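Colleague: Residue-level listing of the chains:
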Amino acid sequence: MRAMLMRTCLSDVMAPSVWRATRTVLERAGVEVSVPRRQTCCGQPGWSSGHPDQARRVARTALAAFAGDDPVVVPSGSCAAMVRHGYPELFAGQPEEEAALAMAGRTREFTQFLAEHGLDTGARGSGSATYHDSCHMLRLLGERESGRAALRAVEGVELREMEATDVCCGFGGTFSVNFPEVSGRLGEEKARHAAATGADELIACDLSCLMHIAGRARRTGVPLRVRHIAEVLAG
Amino acid sequence: MSGRRPVVYSDTTAPLRERTREALADDALAANLRAAGASWGAARTRISAENPFAEMRARAREIRRGDIGDLPELLARLEERVTAAGGVVTRAADADAACRYITDLAAARGATLVAKSKSMATEEIKLNEAIEESGLRVVETDLGEWILQLAGQHPSHIVAPAVHLNKEQVRQVLMAESGWELPTDREALVAHARTRLREVFASADIGISGVNFGVAETGTICVVENEGNARLVTALPRIHVAVMGMERVVRDWDEAAHILQILPMAAIGDDAAGYVNLITGPRAPGEADGPEELHLVILDGGRSALLGTDLEEALDCIRCGACLYSCPMWRSVGGQAYGSPYSGPIGSVLTPLLEGMEGERSSELPFMSSLCGSCHDACPVGIPLHDLLVRVRARVTTTAHRRDRARFRLWSRAWSNPAAYRLSVAMARIGLRLAGRRGWARRLPGPGAEWTSQRDLPTRWPPTPPR
Amino acid sequence: MAPDTAALSEGLLAALARRRATGAVVDAAGAAAAAAARAAEWGVERALLADDPVLGDLGVGGRLAGDGCEVLVWPDGRGRGWRELLGLEGPELTMGVTVPRLGVAERGTLVLETGPGHGRSIDVVSMYHLAVLPASRLRATLAEALVETYARDGRAPSAVSLVSAPSRTSDIEKISTLGAHGAKGLHVLVVEDR
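Chains as they are written, first to last, in our numbering: chain A, 1 to 235; chain B, 1001 to 1467; chain C, 2001 to 2194.
Chain A with its partners taken away, still in its complex shape:
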């Protein structure tokens, strides 16, 4: 099986280890992974900030970079939701509408892709983890299971549920800098819920939430380790 990997801009800038881990896991599971060189960003920052024309311009590069019939795999629920949920609206009535709908149809968040194809990651670990539902994964993709299933499949890792797992961590893209105090309050609550499980690590399918929760945890003195799910699966 072949797949194209969307690295995501956030992983490119903040944590290349995340997209590399994603590639490792997919390859170990027998997927032939290509990482299109001309990819940039899915366009979500512009879209959700109320600048659709600018977002479309960036999103066109994604349409071009990921052209073809192969599935597109993204280690981010939020970017996957942008393509699957946002592109049909962003490109409605545009010349690229058909291409956008096609890409939306074959784009999957990383753990959804694993679940859909029953891929065995063969991952091993130790200790305990708690799982954060990112909102776009949970509500825009309607996916509550695949991340948890992937974690449960890691031999030696115990999954512990935290309280209020369906409540937003407060990141919200530019919301985090437009209303940093509200965002910070919510991030702190999330960090405390995660820490209260006593789990060794907080795991999520979205780097953005983790960056925010970890940063707020450190600022407010909540002891918390975070990792992206791909890093856990890559071992």
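Hint data in this document are derived by calculation from the structure and do not stem from the laboratory.
Hints are supplied without guarantee of correctness; some may be wrong.
[To be verified] Derived DSS-like pairs: lysine-lysine, alpha-carbon spacing no greater than 30 Å straight-line:
hint	chain 1	residue 1	chain 2	residue 2
1	C	Lys2174	B	Lys1167
2	B	Lys1126	C	Lys2174
3	B	Lys1126	B	Lys1167
[Said to hold, decoys possible] Covered stretches of chain C (chain B as the covering partner; in silico rule of three or more C-beta atoms under 8 Å from a C-beta of chain B):
hint	region
4	2073–2080
5	2162–2176
The model shown is predicted, which means the values in this text are computed figures rather than measured ones.
From the three backbone atoms N, C-alpha and C, an ideal C-beta is built for every residue, glycine too.
Could you slot chains B and C onto chain A? The hints should help.
Modeller: Coordinates of chains B and C only, in the frame set by chain A:
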């Protein structure tokens, strides 16, 4: 628990962000909101489990989409049937027209006291201010609304207006009004209010209510409530004026029955409202109570401009307040910080649409959301509020938003070019390395400053674990 | 009572009980006594009755008066003026007695229809509300009841009140408190048909 006079957050002269800061600093407010959110959540979970909520929601969405699709026709039918039943219908293009109609009517009838039951439409048009300016006394009779009127505040929640206040704060307000010493006992406070407001019902000349729905089929106005004040307001005074947003129409009784059942489920986590008052015209011949005159004011106020646009679904709203309770941002700062009669997700969508995209509140409210989508989950008529928020953001025309767009234009130029993208990523990574100490940045310059105002930034990944 | 009627009245009373209303199924011979017992429990000093043949047939007014309760009948009772009916003057422990046009089993709702003999304010001006519902008036769903209420020739009733609970408010700390403006107690007597 603090006994001081509650802070008024509705001062919109300060930027929204400052108001959110002020709200976050109020520990009593946080406790009140936490308790209210938890209580609503528990009731909502129970009621959703006891009822086929998902199917009811799908049907409600279908009903509202259909009603809004046929709005002009349904409104015309409603108007015709209300008139046939002996009511007087007036269409008000805006707040001024609606207020003027009502104050002129009051003057013509020589009214001096107006009793009101809860109505968001009258909050929207600032009717109380208009009535008071014309020299009349107006008294809110919903307990929460009355408390806020006495405290000089505006509602913080569509359904539970005074939810941001605790018992002790309420007691202070009621003691200031009556000059009586009152115990900090919920039942005693409610009984006290009952007596005080009965004086108002006994002598009011005009009763003003909102309208949850108009039923086009028979020209019937539905007023949903739990306290009984709306019945008193619509049954005792000589004149009843009902103020209705133009979108609040349903086709027939089959639809009305469905909406009347899902509304309280979403609003209060109960499967029925205590009272639903169904009013068709003024009192009939031979009847000994009910108003002699019924006036229905149908308010446009910017609504008709949404018909046929990709923002039309905002008109599906049945004002249950579920999206407010479900919203993590609303639960953090409360409704008063929004500085608009409509707070929370639906308020952030409606306020700019009703007030215009160039307003200060329009440039701020739609952005007070992480777009987490919990509002959509909570909405009993399935409005995709997170999508509407994005669409409203795109329409804002303030200077601040235009400046933001200029920045995003630069972004789109760079990031639509793979080479320029790679260069900017490489530069960002160098910057990150320079900013970090032991894997973390505590203070960033420029655009990163707001990030680090509240959080550290991990400059290595996975982040260096805490010591 | 027919089995389906029994199920409907059970549904109505169970749903109302969840909202802190009370009620019972009684036979016609026992209805007046049940009404009087409830009035005594509430300590009612004055009752305001709808002018409805159902109450006359059951002898509710006579029994209440015999027990020493002042009995007013709508619309004559309206002559007392709002201050008295609202309990601002005279007795405060008052009871409105209504005869719903219909009762809805699913989710528990009474459908009160206004008419010359049945004031729309009887239940809410009073401290307590006693509803006397003939069992034959039970319907399964709200949609059914509303469609029936409004599906008739000529003018629709000027006012219909759906009552599903005692008067309540959650405006103080989201905790439900009874007796906000209307009746703080609601009792429903479902009367088996003779």
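Colleague: Quick one, are Lys1126 (chain B) and Lys1167 (chain B) close enough, alpha carbons at most 30 Å?
Modeller: The given pair, whose Cα atoms are some 27 Å apart, holds under the 30 Å limit.
Colleague: Are three or more residues of the region 2073–2080 of chain C within 8 Å, CB to CB, of chain B?
Modeller: holds (count 3)
Colleague: How does the region 2162–2176 of chain C fare against chain B when you require at least three residues with a CB closer than 8 Å, holds or violated?
Modeller: As far as the region 2162–2176 of chain C goes, the hint holds, because 14 residues have Cβ atoms under 8 Å from chain B.
Colleague: Going straight from one Cα to the other, do Lys2174 (chain C) and Lys1167 (chain B) come out at no more than 30 Å?
Modeller: holds, 10 Å
Colleague: Against the 30 Å threshold, does the CA-CA distance of Lys1126 (chain B) and Lys2174 (chain C) hold or violate the hint?
Modeller: Roughly 26 Å separates the two Cα atoms, so the pair holds.
Hint compliance for this structure: every hint is met.
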